[in-house]
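Peer 1: Line by line, the protein sequences are chains F and E. Take the first sequence: its letter number 46 is residue 46 in our numbering, and every next letter is one higher. Take the second sequence: its letter number 260 is residue 260 in our numbering, and every next letter is one higher.
Please keep in mind that the hints were generated in silico from the structure rather than gathered at the bench. Every residue gets a Cβ at the ideal spot worked out from N, C-alpha and C, and that includes glycine. Check each hint, because a few of them may be wrong.
[Claimed, not checked] Here are the in silico distance ranges between beta carbons for each label pair:
1) F:Y44 <-> E:N96: 32 to 38 Å
2) E:Y233 <-> F:I202: 52 to 58 Å
3) F:V37 <-> E:N131: 34 to 40 Å
4) E:Y233 <-> F:R108: 36 to 42 Å
5) F:D90 <-> E:Q40: 32 to 38 Å
6) E:T30 <-> F:P98: 54 to 60 Å
7) E:L298 <-> F:V37: 53 to 59 Å
8) F:N63 <-> E:Y233: 57 to 63 Å
9) F:Y44 <-> E:G159: 26 to 32 Å
10) F:R22 <-> E:K279: 52 to 58 Å
[Claimed, not checked] Listed below are the simulated SDA-like cross-link pairs for lysine to any residue, each with C-alpha atoms no more than 25 Å apart in a straight line:
11) E:K250 <-> F:P43
12) E:K47 <-> E:E33
13) F:K69 <-> F:N113
14) E:K48 <-> F:K189
15) E:K37 <-> F:L16
16) E:K154 <-> E:Y49
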Amino acid sequence: RGGQQEEEEEEGWHQLYPGHIRTSPLQKALLAAGSAVMALYDPYRHDMVAVLGETTGCLALPNLRDKMKNHPEGYHILQERPRIRLSTLDMARLQGLPDGSLGREYVRFLEDNKVSPDTRMPPKFVDDEELAYVIQRYREIHDLMHTLLGMPTNMLGEVVVKWFEAVQTGLPMCVLGAAFGPIRLSTRKLQVLATELVPWAIRSGLNATCVLNVYYEKRWEQPVESLREELGIFPPP
Amino acid sequence: ALLSQPAGRLRARRGLAVRPEMHFGFQTVTEEERREKINQVFESVAKKYDVMNDSMTLGIHRVWKDILMHKMNPSPGTLLLDVAGGTGDIAFRFINYVRSVRERQLQKKLKHHQNLSWQEIFESYQNDKFNSLGDSQVVVCDINREMLKVGKQKAQHLGYSEGLSWVLGNAEELPFDNDKFDVYTIAFGIRNVTRIDLALQEAYRVLKPGGRFLCLEFSHVSNPLLSRLYDLYSFQVIPVLGEVIAGDWKSYQYLVESIRQFPPQEELKAMIEDVGFFKVDYVNLNFGIVAIHSGFKL
């Protein structure tokens, strides 16, 4: 053990990818618990939601990766590892696309809600670099989920998207977010949520193909409605 | 696996490399790299420094600092230099301490003046002739702007203003003249200094003859069982706390590693003696998790 460690780079720390932090099972458990509590206590700690996802995703992530491997488009994504960030997107071109197209609506969503794809946390605690990419991809297409589901970034909209994602990915973090997110909502909103939005999100989630298997970057011109139909997402209420 | 530490430790221990190296936690870096990394650590932890201290030590750091102050036992009129004093914990305790000593002094004085009328006693309070701090002063010196900023805000918030000064400075090269201070303290700071010997030399220089050096710092636990529990807690829990509370795993990983790299009690004692201090000794707190070293300039 000593000899092998000596050969390894001093600062390496056995990093599998930039930003990777090695953690023991105990640390992962503590992180999962701590991040869950902190995320509930302070909903603005998006980094805690991210950490929760990483530390609890050990079953769901390989599952997702395998789904991607076995699908032609998903397989492509795993090979090419596209990233959605402001530097890789041609915002001007997307804005110029016709209304109703994925690209145009995505940009509109970003502007209306004043969000940017660059605020997604890079993974730290996933101990496999392919799985790290899978969770990164899941994070980066989150805004596209909003666009496809037609949900805004307020608490209600986020909870609906979480329900959809929970069904689609099986990530415990999504399940927890979907279950506990509504705690902070008013009763009126809870009613709408329970009677209309969640059932729709679940039905769509179950019916749709895996959203990670869509190479969105090659489909900017496709109309949103056509993509919804193709994927199996029912029209929003 | 739970107690294992990253690879760098092995090399550092055997002193294999010949380049001018230092450790940054368990990593091996050059002097400038170390200074820069430590600067970044404190810039990033400044705002959550106090919260993290409470979480990591379960509030016990407050007791350690109180004990330091009791050991110092400053009398009114003392001029204290608190180095790496960042968020002001030692400075505020100093002010509280001399204020209460001063109050007792004044009460004793009043006892001798019991022939004064109520009017005269009341008027003397109004005039504030009694100088609540007794001319004591504390200078808080820190190398990091962010930490000083947090300290100043805290002072304002808690109502400390009299007898308190904030100076940006480097423990290895203090911006003060020789023989100026009665007491020099450095609490949980010397571990982050890149050249401890220089910091100790500077401490000696700026102290008045008869002045006292006090250092409160994490040290080594010799009890094997306790040491294992301590290691377990340090390496498994503290970085997690850092990530959850401050969103910063790496700085707290650095913290626990730097504690392991710091010289143990006897070695630090020798370094303090080397610089010229006399009657150097130390006390362990909590079985050596923390130690207070003391020395005098004659």
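Peer 1: Against each hint, give a clear statement of whether it holds in the structure.
Peer 2: How the hints compare with the structure:
1. F:Y44 <-> E:N96: 32 to 38 Å: Holds, at about 35 Å.
2. E:Y233 <-> F:I202: 52 to 58 Å: At 43 Å between Cβs, range violated.
3. F:V37 <-> E:N131: 34 to 40 Å: With a Cβ separation near 49 Å, F:V37 and E:N131 fall outside 34 to 40 Å, so the hint is violated.
4. E:Y233 <-> F:R108: 36 to 42 Å: Once the Cβ atoms are compared, 51 Å apart, the range 36 to 42 Å for F:R108 and E:Y233 is violated.
5. F:D90 <-> E:Q40: 32 to 38 Å: For E:Q40 against F:D90, whose Cβ atoms are near 35 Å apart, the range 32 to 38 Å holds.
6. E:T30 <-> F:P98: 54 to 60 Å: holds, 57 Å
7. E:L298 <-> F:V37: 53 to 59 Å: holds, 54 Å
8. F:N63 <-> E:Y233: 57 to 63 Å: violated, 35 Å
9. F:Y44 <-> E:G159: 26 to 32 Å: Given about 30 Å between the Cβ atoms, the range holds.
10. F:R22 <-> E:K279: 52 to 58 Å: At roughly 46 Å between Cβ atoms, E:K279 and F:R22 fall outside 52 to 58 Å, so the hint is violated.
11. E:K250 <-> F:P43: With Cα atoms ~23 Å apart, E:K250 and F:P43 stay inside 25 Å; holds.
12. E:K47 <-> E:E33: The hint holds at about 23 Å.
13. F:K69 <-> F:N113: violated, 33 Å
14. E:K48 <-> F:K189: violated, 35 Å
15. E:K37 <-> F:L16: Status holds; Cα separation ~22 Å.
16. E:K154 <-> E:Y49: Satisfied, since the Cα-Cα distance of roughly 12 Å is no more than 25 Å.
Going through the hint list in order, the structure does not satisfy hints 2, 3, 4, 8, 10, 13 and 14.
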